[in-house]
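Peer 1: What follows is the residue order along each chain.
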Amino acid sequence: MDALLQFIFSGLTVGAVYALVALGFTIIYNASDVVNFAQGEFVMLGGMITVFAFEAGLPLPLAAVIAVLVTAAIGVALNKLAIEPARGAPVVSLIIITIGASILIRGAAQLVFDKQLHRFPSFSGDDPIAIFGATILPQSLWVIGGAIAVFVGLWLFFTHTLTGKAVLATANNRLAAQLVGINTGWVMTLSFGLSAAIGALAGVLVTPITLVSYDVGVALALKGFAAAMLGGMGNPKGALLGGLLLGLFEALTAGYLSSQYKDAMAFIVILGVLFVMPQGIFGKKTTERV
Amino acid sequence: MTSRNKWIQLGLLAVLIAVLPAFFPSGYYYRVGALIFVNALAVIGLVVLIGYAGQISLGHAGFAGIGAYACALTPEHLGLHPGLAVMLGAMLSAVMAALIGKPILRLKGYYLAVATLGFGILVSMVLTNERALTGGPDGMAVADLGLRSLLRDMGWKLSGGEFWYMFSGIILLIGAWIALNLFDSPTGRAMRALHGSEVAAATVGVDVAKLKLRAFVISAVYASVAGSLLALQNQYVTPDVAGFLHSVEMVTMAVLGGVGSVLGASLGAVILTLLPQVLTVFAEYEQLVLGAVMIVVMIFLPQGLLPSIARRLRGTGE
Numbered sequence: 001m002d003a004l005l006q007f008i009f010s011g012l013t014v015g016a017v018y019a020l021v022a023l024g025f026t027i028i029y030n031a032s033d034v035v036n037f038a039q040g041e042f043v044m045l046g047g048m049i050t051v052f053a054f055e056a057g058l059p060l061p062l063a064a065v066i067a068v069l070v071t072a073a074i075g076v077a078l079n080k081l082a083i084e085p086a087r088g089a090p091v092v093s094l095i096i097i098t099i100g101a102s103i104l105i106r107g108a109a110q111l112v113f114d115k116q117l118h119r120f121p122s123f124s125g126d127d128p129i130a131i132f133g134a135t136i137l138p139q140s141l142w143v144i145g146g147a148i149a150v151f152v153g154l155w156l157f158f159t160h161t162l163t164g165k166a167v168l169a170t171a172n173n174r175l176a177a178q179l180v181g182i183n184t185g186w187v188m189t190l191s192f193g194l195s196a197a198i199g200a201l202a203g204v205l206v207t208p209i210t211l212v213s214y215d216v217g218v219a220l221a222l223k224g225f226a227a228a229m230l231g232g233m234g235n236p237k238g239a240l241l242g243g244l245l246l247g248l249f250e251a252l253t254a255g256y257l258s259s260q261y262k263d264a265m266a267f268i269v270i271l272g273v274l275f276v277m278p279q280g281i282f283g284k285k286t287t288e289r290v
Numbered sequence: 001m002t003s004r005n006k007w008i009q010l011g012l013l014a015v016l017i018a019v020l021p022a023f024f025p026s027g028y029y030y031r032v033g034a035l036i037f038v039n040a041l042a043v044i045g046l047v048v049l050i051g052y053a054g055q056i057s058l059g060h061a062g063f064a065g066i067g068a069y070a071c072a073l074t075p076e077h078l079g080l081h082p083g084l085a086v087m088l089g090a091m092l093s094a095v096m097a098a099l100i101g102k103p104i105l106r107l108k109g110y111y112l113a114v115a116t117l118g119f120g121i122l123v124s125m126v127l128t129n130e131r132a133l134t135g136g137p138d139g140m141a142v143a144d145l146g147l148r149s150l151l152r153d154m155g156w157k158l159s160g161g162e163f164w165y166m167f168s169g170i171i172l173l174i175g176a177w178i179a180l181n182l183f184d185s186p187t188g189r190a191m192r193a194l195h196g197s198e199v200a201a202a203t204v205g206v207d208v209a210k211l212k213l214r215a216f217v218i219s220a221v222y223a224s225v226a227g228s229l230l231a232l233q234n235q236y237v238t239p240d241v242a243g244f245l246h247s248v249e250m251v252t253m254a255v256l257g258g259v260g261s262v263l264g265a266s267l268g269a270v271i272l273t274l275l276p277q278v279l280t281v282f283a284e285y286e287q288l289v290l291g292a293v294m295i296v297v298m299i300f301l302p303q304g305l306l307p308s309i310a311r312r313l314r315g316t317g318e
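Chains B and F, in that order, are what the protein sequence lines are. Here the first sequence is numbered in our numbering, starting from 1 and rising by one per residue. Here the second sequence is numbered in our numbering, starting from 1 and rising by one per residue.
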């Protein structure tokens, strides 16, 4: 029982990170129908920039804010320089463009920073907290709390602000949104900036636990995308639930079956979900019009 | 494409393969050449899948891995001749492709991309984790094909580089010939029809599911044979051959040159194989440049290099 609780704690921690990555996917996908394979790179940038700003002598909170802002700017640049010019390109091209962007960002990170593993201190110490015979790191609480805060923040943004509603309108029907005077180009820019910032925040929160290096992005992007798909592509609730479920599943697989194949099991479940309900848990059924 | 056009393409390819060595200043170029041919072979498989049938796969390195490890494992454990191992690997890849293709190919676009990607990752994970069998991340040695010593016994002395250049060149030509024939065949035409519109193809009686599966199996066999050749040529394999990056590289080569045509996609293989060789001078920038090339080509030459160039030439009245 203690072991199970322990696995659940670690599952929720990684799951929260997957959920944040999945939320990033969701926001961009909704605004532009693009699946951004460079999403994992945003997480890496968040961690890396914080590390180097911190080591340069800045206080940790300031370093983290700078990392989130710089990453958001890179997200905006990605949209302006690579996605917007390819408007209307087939899916295969868009996949290659965002994969190209992820390789480019990784290559640049390797040049600007280095190839080592890095971390910075946990926000509130490293003393594990004991709960019902299992333990949880304070930093894990930060990660889980961060994911919840982002989710609530996004929900308020989408339901209570005009800008948020403009994003939803664009996601629903781009042309109709344009017709009522919404600047859809600006919505896309905002979405890229927002999802890059969320990714970077995930990187800032999780780096004290998992460490960061220039090449952590690929795995995170894959897991995040898997989580988004599990929950239903384009649905923020689905992203949150999918991320947490995937994290839990991985942790339980690692705990009870095989730690080597925990990633494999995750993919097998994803494939299974795709075959049984291709739209994911919260996805809406769409009929293709011809 | 007329059948005359087909022979022009094949002839051009054959002449290039035959003539290029005259300009090689050192043996190293034969090695690079052989590498290009192997990559081009895998990429032609993707032309069938992406270019003809309009389906994407981000997991084709998985099949290359199956082919490569078949050449490494079966001679050692089953005592098979490496030549037979190539065929065994190809058969295994075909069976795998048929099994996973049936459910996977129901998916479209991003979903298909990620499902195939999942398959590729599963293969590379097995190859990395089953240390006892595959040597884990360090890889394992591959037995010699033996064809070169056979030729030597017949009095034909070739260096390793020369042999692999010619051998992979010939296999590439065979692969290109098959793909070009397929393009013109009823099956190829039906595939291209479903690329245009699945619904339209279905209404005129095309069995969409069967054709997609056929394209997937054919392309898997190409990738598998390419993986085998790579393993035999290097006499060594590591799980990287099945890795995600290798899959991405293959698709990028295909799309870079022009995924609609065998010759175009081969051009993509030439460029992306040469690029890292040139960039070793400043290896640090390799990923940076690779990523930039992918983005720039997709934005400015969405049809790929060769078709875009061809159109420009025609446009200016050449």
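Don't read these hints as lab results, they were simulated from the structure. Cβ atoms here follow ideal geometry from the backbone N, Cα and C, with glycine treated the same way. Take the hints with a grain of salt, since some may be wrong.
[What the hints assert, rightly or not] If you only want the chain B side, here are some residues facing chain F, beta carbon under 10 Å, derived:
| # | residue |
| --- | --- |
| 1 | Leu81 |
| 2 | Ser93 |
| 3 | Ile97 |
| 4 | Arg106 |
| 5 | Gly107 |
| 6 | Phe113 |
| 7 | His160 |
| 8 | Leu252 |
| 9 | Ala254 |
| 10 | Gly255 |
| 11 | Leu257 |
| 12 | Tyr261 |
| 13 | Ile270 |
| 14 | Leu271 |
[To be verified] What follows is a set of in silico ranges between Cβ atoms, one per label pair, in the way DEER data are often shown:
| # | chain 1 | residue 1 | chain 2 | residue 2 | range |
| --- | --- | --- | --- | --- | --- |
| 15 | F | Ala200 | B | Ala56 | 58 to 64 Å |
| 16 | B | Leu156 | F | Leu99 | 43 to 49 Å |
| 17 | B | Gly57 | F | Arg106 | 36 to 42 Å |
| 18 | B | Ala56 | F | Ala98 | 25 to 31 Å |
| 19 | B | Gln260 | F | Leu99 | 56 to 62 Å |
| 20 | B | Asp127 | F | Tyr236 | 47 to 53 Å |
| 21 | F | Leu12 | B | Ala56 | 54 to 60 Å |
Peer 1: Hint by hint, say whether it matches the structure.
Peer 2: Here is how each hint holds up against the structure:
1. Leu81: With a closest approach of 8 Å, the Leu81 of chain B hint holds.
2. Ser93: Since the shortest Cβ distance to chain F is 5 Å, the answer is holds.
3. Ile97: holds, 5 Å
4. Arg106: holds, 6 Å
5. Gly107: holds, 3 Å
6. Phe113: violated, 12 Å
7. His160: violated, 31 Å
8. Leu252: This hint is violated: Leu252 of chain B lies away from chain F, its Cβ roughly 18 Å from the closest one there, beyond 10 Å.
9. Ala254: Ala254 of chain B check fails; min Cβ-Cβ to chain F is 13 Å, beyond 10 Å.
10. Gly255: Violated. Min distance 17 Å.
11. Leu257: Status violated, d = 13 Å.
12. Tyr261: Nearest chain F Cβ about 7 Å off; hint holds.
13. Ile270: Cβ of Ile270 of chain B sits 6 Å from chain F, so the hint holds.
14. Leu271: holds, 6 Å
15. F:Ala200 - B:Ala56: 58 to 64 Å: holds, 60 Å
16. B:Leu156 - F:Leu99: 43 to 49 Å: holds, 47 Å
17. B:Gly57 - F:Arg106: 36 to 42 Å: violated, 55 Å
18. B:Ala56 - F:Ala98: 25 to 31 Å: violated, 56 Å
19. B:Gln260 - F:Leu99: 56 to 62 Å: violated, 23 Å
20. B:Asp127 - F:Tyr236: 47 to 53 Å: holds, 48 Å
21. F:Leu12 - B:Ala56: 54 to 60 Å: holds, 56 Å
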